[in-house]
Amino acid sequence: MPLTFIDIEKKKSWRITVLFIFLLFLYFCTTFALVQGFLFLFPYAIFLLNPIFILTEPRYLLVIIAISFALAVIHFWFSAFRSVRVVMDNINASPPDPEDGLHRRLMNIMEEIHIVTGNKRKIKCVVIPSLSMNALAVADLRGEAVIAVTEGLVSRLSRPQLESVMAHEAHHILTGDCLETSIAAGIFGMYASALEKMMGSGEEDSLGLHPSFLLFWILVKLGNLLSMFISREREYRADAASVRMTRNPLSMAEALYIISRNWTGTGFISSGLEMLCIVSPQITSLDESEGWWADLFSTHPPVNKRIEILLRMARVDISTLETKLNVETEAFTQDTPEIPYYALDAKHQWQGPYTYTELASLSWLTPRTWIGSGNEQTIMKASENKLISKIFTNRLSLTGKEMSGFICPFCRQPLTDVSYEKTKVHQCNFCGGILVENVKVPRILARTEKRFTDRVKSLAKAVIMDNQRSIAIKKLKGVGVKTKPFISCPKCKNPMFRTFYSLAYLIEIDKCGVCNTTWFDKDELEMLQYIIENKITPKVDVFDPEQFS
Amino acid sequence: MVNWILLTVIILFLLWMVFIYNRLVALRNEVKNAWHQIDVQLKRRYDLIPNLVTVVKGYMEFERDTLERVTAARTRAISAVKIRDKAIAEDMLTQALEGLFAVMENYPVLKSNENVMQLQEELTSTENRIAFARQLYNDLVANYMTNREVFPDKIIASLFAFSCVEYFSAEKSDRSLPVADIGIGTK
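Chains as they are written, first to last, in the numbering used here: chain A, 54 to 602; chain B, 17 to 203.
Isolated chain A (complex conformation):
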């Protein structure tokens, strides 16, 4: 049955408090053992004549307690008083840069953590210039509290994952875990180093310890084990608290997964600081074997177990997590495979491969350009590819022209409202086609202000001759010649009827019977105007098909 984060937090808190008190008690026992050992060794020490047992003499008990307490306080005070400053110098951390987008995000997250913890304590965040991925929390007796995060962590975690990590570290600070860890390290550290000295004075590697100190040795080791155990419990509790704050167990699991599979700073973060990190830098594949011996002596619980607990809360399977994150890391490691695009230029040469952005900046790209998209080997017009047609929409919006609601049937882009012969028509920016309401057509044809270029004039004549020929061929062949497919009306989407404007004026146009509009392809309207103004009608020497029927 999965425990909720609230249950975990409460259970662990109770356990941690009890154990910590026991640890302090153990500290005093260790002191007794030490002094007892000395008294066995040097029974004639000081002013005593006989070996005595301390426990039978209450007066000595009090003296011992007082001395050990004083020693502990002094040692602790000196180590913990300025520890923040010391640690920060050690790891070369610096405050985040407000102009950097990701650092700014870190600062915002720090602010959010302050809000969610009710602003109980002001925590600063700093950045460690290392590519490893880890986070530390340090707090000292002066009231300063700092969370240090590596650059690797800042850049590679997503926002929710970073929030979870920061919440975890902030919890360590707020519950005084950092201080208590320093206490445990401090007081037992003193005895551990004393023990090492005693053992080191013998010449053999084996227990060069006087038997009278055996009890002392046992107790120091026990103290070490206990403090490791408490440290592990603290990590579980902080994970649960992070979920309580962000309400997102999945992102915490993801963050742990990612961090544990990356360089966590071994060799960079000194071994004294490992207890403060979110994932121990000393993790090697040996430790992860989860043997109970390895468990006993590590400051952090095995990452897999932590992830498992979190995933149970999130009701997600570990394999789902793995596939999701592996997919994401693959996307990091390879260059995101850009789809290569090929475009057919005016000379009918395939150009490319282009990336999407390169394609967008090609000046000769129009919605009617043929595009080949690298992966599927399909060829289509640029207007038919949704992604590419966005390029055109963007270009259009940047021109700042007035848009109508009608879409060009070829380019699939909106028509712009332009003034043609002083009347409003809808023109496509890309292919030059024009949509005109039928009522306006006579107006336009009557007006003569437009000057025609020579190109249009020649084109008009050529088109008329061409159309004449095709009418004749069609009639002589007697069979329907294949025509281009009918286009749909930009206004009402019904198919438009393709016809000549009139048999005298052989310009092809498309008319919509439903909404009474006419579509002119590029130049067609101008050509029509030209031939009407100049009364260019087909010459009479056309084949008369009737003679053959």
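One or more of the hints may lead you astray.
[As the list claims (entries may be wrong)] Simulated crosslink set (SDA-like; lysine to any residue; CA at most 20 Å straight-line): (1) A:LYS175 / B:GLU46; (2) B:LYS127 / A:MET456; (3) A:LYS175 / B:ILE54; (4) A:LYS173 / B:VAL41; (5) B:LYS127 / A:ARG448; (6) B:LYS127 / A:SER442; (7) A:LYS443 / B:GLU121; (8) B:LYS73 / A:MET456; (9) B:LYS127 / A:LYS173; (10) A:LYS63 / B:ALA158; (11) A:LYS454 / B:ARG80; (12) A:LYS173 / B:GLU46; (13) A:LYS173 / B:ARG39; (14) A:LYS63 / B:ASP155; (15) B:LYS127 / A:LYS63; (16) A:LYS173 / B:ASN49; (17) A:LYS173 / B:TYR75.
[Claimed, not checked] Pair ranges (Cβ atoms, derived): (18) B:VAL56 / A:LYS177: 17 to 23 Å; (19) B:GLU137 / A:PHE75: 21 to 27 Å; (20) A:THR506 / B:GLU143: 43 to 49 Å; (21) B:ILE94 / A:GLY196: 53 to 59 Å.
Bear in mind the hints are in silico, worked out from the structure with no lab data behind them. Even glycine gets a Cβ: it sits at the ideal position worked out from N, Cα and C.
Go by the hints and put chain B onto chain A.
Chain B only, in chain A's frame:
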């Protein structure tokens, strides 16, 4: 002898009453503070939104509907006075913003713009802060209510009129999934 015991008991009892009363007062004030902290974050959101709309407007010609919805929701939220109206208006603003972000996904050029990215980060942070502030408020309310209702303290609470406080709850419309409006202006 009995007198001394009685006296001690009475003194202890009075001390206990004082202790409980003080704790209830402290908790109630924390709750009030947390409520006003939410307002601080809401104000931050009001200030950020016009910037976002201005920057985004140049690129999103067809999304006039979405932009107008955001601006209108913001105006309504600022002008709401009563707590009930305010809560409803704020939720509508959140929804409008979510719709805007969903639509922005369709514009890769817009998304990579530096200003827009910064503003988006700031707005995401603000939404988070609002959520966290509300979360904290509810946690504190729960704490206060528990202390108020637990047995021995219950007497003191009712004696000194410590009233109920309301939780912050989602509107019914919030409980359904928000629908992203991705219509690209085909009128």
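Broken hints, by number: As far as the earlier hints go, 2, 9, 15, 17, 19, 20, 21 are violated by this structure, in ascending order.
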